[in-house]
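Enquirer: The task is simple: from the sequences and hints, build the whole structure.
Quick note: the sequence shown uses the working numbering, first residue 1, plus one each step.
Worth flagging that the hints you see were computed from the coordinates, not collected in a lab.
A couple of the hints might just be wrong.
[To be verified] Restricting the straight-line Cα-Cα distance to at most 20 Å, the calculated cross-link-like pairs of lysine to any residue (SDA-like) are:
id, residue 1, residue 2
1, Lys89, Leu78
2, Lys169, Val26
3, Lys169, Leu23
4, Lys169, Thr228
5, Lys169, Leu109
6, Lys169, Tyr179
7, Lys169, Ser24
It should be emphasised that the depicted structure is a prediction, and the values quoted were computed from it without experimental measurement.
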Amino acid sequence: MITHSQAGLLAMAAGAVISLVSLSGVFVLWLEPERLRRWIPNMVGLAVGVLLGDAFIHLIPDAVARHGNVGEVCLAVLGGVFLFFVLEKLVRWRHDHEPIASPGANQILPMARMNLIGDAVHNFIDGILIAGSFWVDPWLGATTTLAIVAHEIPQEIGDVGALIHGGYKPAEAIRYNFYCSMTVLAGIAATWLLGHYAEQSLTLLLPLAAGGFIYIAASDFIPALHATQSEPAWGQVITFAFGIGFMQSVAVLESLHQRFNP
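Expert: Structure follows, in structure tokens:
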């Protein structure tokens with residue numbers, strides 16, 4: 001049996017691993033500009049599949065399991081959609097009022113900033129999940145971390161593509177995506193300080209994050225994919241489906257692990 005402090009240190013180490021996983025998309029730095037341009041819509045398609053898959057396959061079912069009332073969870077998901085709608089209104093208002101440095105200055109689209117907000121919230125929730133699982137049992141903490149790593153890899157690759165599509169340069173996309181991943185450490189620290197209060201907050205945070213993911217995927221990323229007319233759509237269709245399928249495979253593996261390791 002490990003102490004509370006030891007569990008916290010293990011959780012912080014796991015959080016550091018999750019943050020490093022955010023660098024999965026670093027390969028874009030070595031792609032030729034033309035090849036990167038062709039790949040970006042497919043990476044956005046992957047982001048859509050992973051975001052929707054995470055919302056409907058992981059976050060909402062987990063919230064229902066914790067809360068027990070499907071209606072209230074669905075209401076909280078709608079609250080998340082509304083919250084991110086309001087946030088994007090604010091982001092777009094600020095975007096419209098930003099001074100343009102020069103006629104050729106690159107503009108960061110609101111969809112990219114919204115993705116950063118959603119990713120930061122999601123990683124904070126992952127931090128609470130990691131910390132809570134390590135305090136229950138170190139083995140449970142390790143398996144929870146592995147499950148999060150498994151679904152973070154395609155998500156981080158898709159996020160980098162979405163950020164580049166939204167106007168960030170490849171190096172900036174990698175950097176800002178890494179910064180957002182560090183909120184996993186904030187989630188662990190909050191759980192360390194607040195204990196079961198942080199765990200209880202998941203009944204609200206999970207559906208809110210799910211609503212945010214649904215909003216970002218449906219209102220920002222999917223319209224962006226439809227606006228990409230110059231490239232064949234099959235790559236987007238395949239990566240969209242792959243993102244959903246990958247999240248489902250992670251859910252199946254988690255279910256099998258819980259069945260054989262109750």
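Enquirer: State for each hint whether it applies.
Expert: Checked hints:
1. Simply put, Lys89 and Leu78 have alpha-carbon atoms about 17 Å apart, close enough for the 20 Å limit, and the pair holds.
2. For the hint pairing Lys169 with Val26, the CA-to-CA distance comes to about 12 Å; that is within 20 Å, so the pair holds.
3. With a CA separation close to 15 Å, the supplied pair Lys169 and Leu23 stays within the 20 Å bound.
4. A threshold of 20 Å between alpha carbons decides the hint, and for Lys169 with Thr228 the separation of about 19 Å falls inside it, so the pair holds.
5. At roughly 12 Å between alpha-carbon atoms, Lys169 and Leu109 fall within 20 Å of each other, so this suggested pair holds.
6. For the hint pairing Lys169 with Tyr179, the CA-to-CA distance comes to about 15 Å; that is within 20 Å, so the pair holds.
7. For a cut-off of 20 Å, the pair hint linking Lys169 to Ser24 stands: about 16 Å separates their Cα positions.
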